[in-house]
Amino acid sequence: MKTQRIAEILKSGSVDTDIVVKGWVRTKRGNKNVAFIALNDGSCVNNIQVVVDLAKIPEEQLKPITTGACIRVDGRLVASPGAGQGVEVQAERIEIYGTADPDTYPLQKKGHSLEFLRDIAYLRPRTNTFGAVLRIRHAMAYAIHEYFNKNGFYYFHTPIITASDCEGAGAMFQVTTLDLNNLPKTEEGKVDYTQDFFGKSCNLTVSGQLEGELGALSLGRIYTFGPTFRAENSNTPRHASEFWMIEPEAAFYDLEDNMELAEDFLKYLIQYALDHRM
Numbered sequence: 712m713k714t715q716r717i718a719e720i721l722k723s724g725s726v727d728t729d730i731v732v733k734g735w736v737r738t739k740r741g742n743k744n745v746a747f748i749a750l751n752d753g754s755c756v757n758n759i760q761v762v763v764d765l766a767k768i769p770e771e772q773l774k775p776i777t778t779g780a781c782i783r784v785d786g787r788l789v790a791s792p793g794a795g796q797g798v799e800v801q802a803e804r805i806e807i808y809g810t811a812d813p814d815t816y817p818l819q820k821k822g823h824s825l826e827f828l829r830d831i832a833y834l835r836p837r838t839n840t841f842g843a844v845l846r847i848r849h850a851m852a853y854a855i856h857e858y859f860n861k862n863g864f865y866y867f868h869t870p871i872i873t874a875s876d877c878e879g880a881g882a883m884f885q886v887t888t889l890d891l892n893n894l895p896k897t898e899e900g901k902v903d904y905t906q907d908f909f910g911k912s913c914n915l916t917v918s919g920q921l922e923g924e925l926g927a928l929s930l931g932r933i934y935t936f937g938p939t940f941r942a943e944n945s946n947t948p949r950h951a952s953e954f955w956m957i958e959p960e961a962a963f964y965d966l967e968d969n970m971e972l973a974e975d976f977l978k979y980l981i982q983y984a985l986d987h988r989m
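In this note's numbering, the protein residues as written are 712 to 989.
No lab work stands behind these hints, which were simulated from the structure alone. It cannot be assumed that every hint is accurate.
Stated by the list, open to error - List of simulated lysine to aspartate or glutamate pairs, EDC-like, C-alpha gap at most 16 Å:
| hint | residue 1 | residue 2 |
| --- | --- | --- |
| 1 | 713 | 785 |
| 2 | 774 | 764 |
| 3 | 743 | 785 |
| 4 | 901 | 890 |
| 5 | 767 | 806 |
| 6 | 743 | 764 |
| 7 | 739 | 770 |
| 8 | 733 | 785 |
| 9 | 767 | 785 |
| 10 | 861 | 975 |
| 11 | 774 | 812 |
| 12 | 978 | 857 |
| 13 | 722 | 907 |
| 14 | 733 | 806 |
| 15 | 774 | 806 |
| 16 | 896 | 907 |
| 17 | 739 | 771 |
| 18 | 733 | 803 |
| 19 | 739 | 719 |
| 20 | 767 | 812 |
| 21 | 713 | 752 |
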């Protein structure tokens with residue numbers, strides 16, 4: 712039977728059907744007769760409740776299932792009598808794909824600070840906060856491409872490694888294959904970049920604007936959307952070493968056109984976020 716994602720199950724509203732769900736355990740609780748497992752598969756912020764009749768599935772089989780465990784559940788989707796949830800899964804069979812040691816698994820049923828989550832970056836996408844951020848970021852990236860495509864702009868790919876400093880700021884991350892402990896030198900004592908991979912000094916891009924302008928002068932309307940790198944030595948919340956930048960370029964646009972494009976673009980993204988709850 713095909714696996715169904717929790718977001719699809721909750722959206723459909725259908726009941727009294729056999730389903731298969733797979734995901735990671737958020738919590739498990741229960742008594743001597745029944746166990747309740749909150750399962751999440753990342754498709755949405757909501758969990759689905761799995762109800763386990765201990766007369767059908769022995770408690771001994773459920774012992775390895777703790778917060779963070781990965782499981783498959785075959786069962787029946789039914790209307791839930793509990794408040795705050797429309798449906799639940801009555802488990803007929805449970806398969807454990809992977810366990811999580813409750814003594815060492817760092818994510819538990821409580822709030823975690825962003826500082827703590829930074830130390831466990833490999834697990835933080837499983838939290839509600841980062842899961843929401845990643846789903847919204849995906850939706851916004853999709854909406855960006857959709858908006859420009861609808862308005863006749865071509866997606867223009869610009870290089871990430873470049874020999875030009877488009878912004879002229881001089882604070883760029885350098886890319887080199889030279890041995891930093893034994894740099895080749897010219898007769899003037901400067902680094903000999905002719906022996907480097909590209910034969911010249913190269914850096915990570917600070918902007919795709921230069922190449923984007925060339926694209927606009929042939930395709931009419933283009934936009935760039937990709938990673939950008941800045942090496943300003945600042946640790947304030949207003950600076951980032953790496954971010955994704957959107958740069959539309961259009962031939963024959965004047966200031967009024969640019970202002971209308973920026974306003975319409977932002978309105979479109981905000982409306983998209985409101986219409987597509989992640």
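Against the structure, the hints come out as follows:
no. : hint         : verdict
1   : 713 with 785 : holds (10 Å)
2   : 774 with 764 : holds (14 Å)
3   : 743 with 785 : violated (22 Å)
4   : 901 with 890 : holds (15 Å)
5   : 767 with 806 : holds (14 Å)
6   : 743 with 764 : holds (10 Å)
7   : 739 with 770 : holds (12 Å)
8   : 733 with 785 : holds (9 Å)
9   : 767 with 785 : holds (13 Å)
10  : 861 with 975 : holds (12 Å)
11  : 774 with 812 : holds (11 Å)
12  : 978 with 857 : holds (13 Å)
13  : 722 with 907 : violated (55 Å)
14  : 733 with 806 : holds (9 Å)
15  : 774 with 806 : holds (12 Å)
16  : 896 with 907 : holds (11 Å)
17  : 739 with 771 : holds (14 Å)
18  : 733 with 803 : holds (14 Å)
19  : 739 with 719 : violated (23 Å)
20  : 767 with 812 : violated (25 Å)
21  : 713 with 752 : holds (15 Å)
This entry does not satisfy hints 3, 13, 19 and 20, going by the numbered hints stated previously.
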